[in-house]
Amino acid sequence: MTNVRDLWATRSYVVEQMGGKAPDLVICNSGLTEAGYRFGRALPEVEEETVSERRARVRQVFLSNLEESHTVMSTKIDGFVGMTHLWAAEAVYHGHETQFLYVSSRQAIDAGVTVPGYVIANWAVLQLPKVLQVNLGRSAEMASGACLMLPFVRTGMTEAYAENEKVFGRWQPRMLEPFEAARAVTELVARPARELNLGNFELLVEGTVEDTRYRWKGVQLDVQEHDLE
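Per my numbering, the sequence shown starts with residue 619, numbered consecutively.
The hints are simulated quantities; they were obtained by calculation from the structure and are not laboratory data.
All figures in this text were calculated on a predicted structure; none of them were measured in a lab.
Warning: the hint list may mix true and false statements.
Straight-line Cα separation of at most 30 Å, DSSO-like style, residue types lysine-lysine; simulated pairs [stated by the list, open to error]:
(1) K784 / K639
(2) K748 / K835
(3) K748 / K784
Distance ranges between label pairs, derived from CB positions [said to hold, decoys possible]:
(4) R675 / T804: 28 to 36 Å
(5) F680 / G730: 16 to 24 Å
(6) T804 / P662: 43 to 51 Å
(7) L816 / G730: 53 to 61 Å
(8) V841 / E798: 42 to 50 Å
(9) E795 / V752: 45 to 53 Å
(10) Q838 / G637: 32 to 40 Å
We treat Cβ as the ideally placed atom computed from N, Cα and C, and that holds for glycine.
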């Protein structure tokens, strides 16, 4: 979601389809990521390139890379915040409990290289359930939220890397098929919303290419403070 006006335009239709109520379940997801770039690293030299040519090339790559990261972060962070603001308010107004599921990535807690915007966006997502609860105050029981940290799933965006173990090999023997990821999410959502509320859940993939297994694991993110010497 990149246009809040489009988001608002969906409100009336969804409420009408729900019989005048807020939805029972809102799943926020965005698989957009960068193509990959050398974050924080200088570009390699090009033979016989002049200083002015290099300066122009570096500038263009710099701008293109940051624009790509900005698109990834704004799509996910702005989109998820917008969806939450809209449907949590409707849940409170209609007195109808709504469950939010935020699709993050294992990159949020196990960052990979070349996709800084994607990693940061998925980390930010993990804060939404708590932020929502704090802001709703006494109405917090009307909306619950949980984050799902998924591994690599074969989609139109990841198809090009589906056979590249350097991309997914540290987490899984192969990319999950969409129906496998959907089945895993469905199994988790079958649990009571109050049990999942404020939780972070990581989908682990084990076994071999021929015999792939998956399981959910709860992840606790602890903040530790210490005095400076």
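Against the structure, the hints come out as follows:
1. Proximity of K784 to K639 is assessed by CA-CA distance (about 46 Å); at most 30 Å being required, the pair is judged violated.
2. As the CA atoms of K748 and K835 are separated by approximately 19 Å, the hinted pair is consistent with the 30 Å bound.
3. Of the supplied pair hints, the one linking K748 and K784 is violated, its CA atoms being roughly 34 Å apart against a limit of 30 Å.
4. Checked against the given bound of 28 to 36 Å, the beta carbons of R675 and T804, roughly 48 Å apart, lie outside it.
5. Against the hinted window of 16 to 24 Å, the Cβ-Cβ separation of F680 and G730 comes to about 21 Å, which satisfies the hint.
6. In this structure the hint that T804 and P662 lie 43 to 51 Å apart at CB holds, the actual value being about 46 Å.
7. Taking the beta carbon of each, L816 and G730 are about 26 Å apart, not inside 53 to 61 Å as hinted.
8. Against the hinted window of 42 to 50 Å, the Cβ-Cβ separation of V841 and E798 comes to about 34 Å, which falls outside the hint.
9. Checked against the given bound of 45 to 53 Å, the beta carbons of E795 and V752, roughly 38 Å apart, lie outside it.
10. In this structure the supplied range 32 to 40 Å holds for Q838 paired with G637, their Cβ-Cβ distance being about 38 Å.
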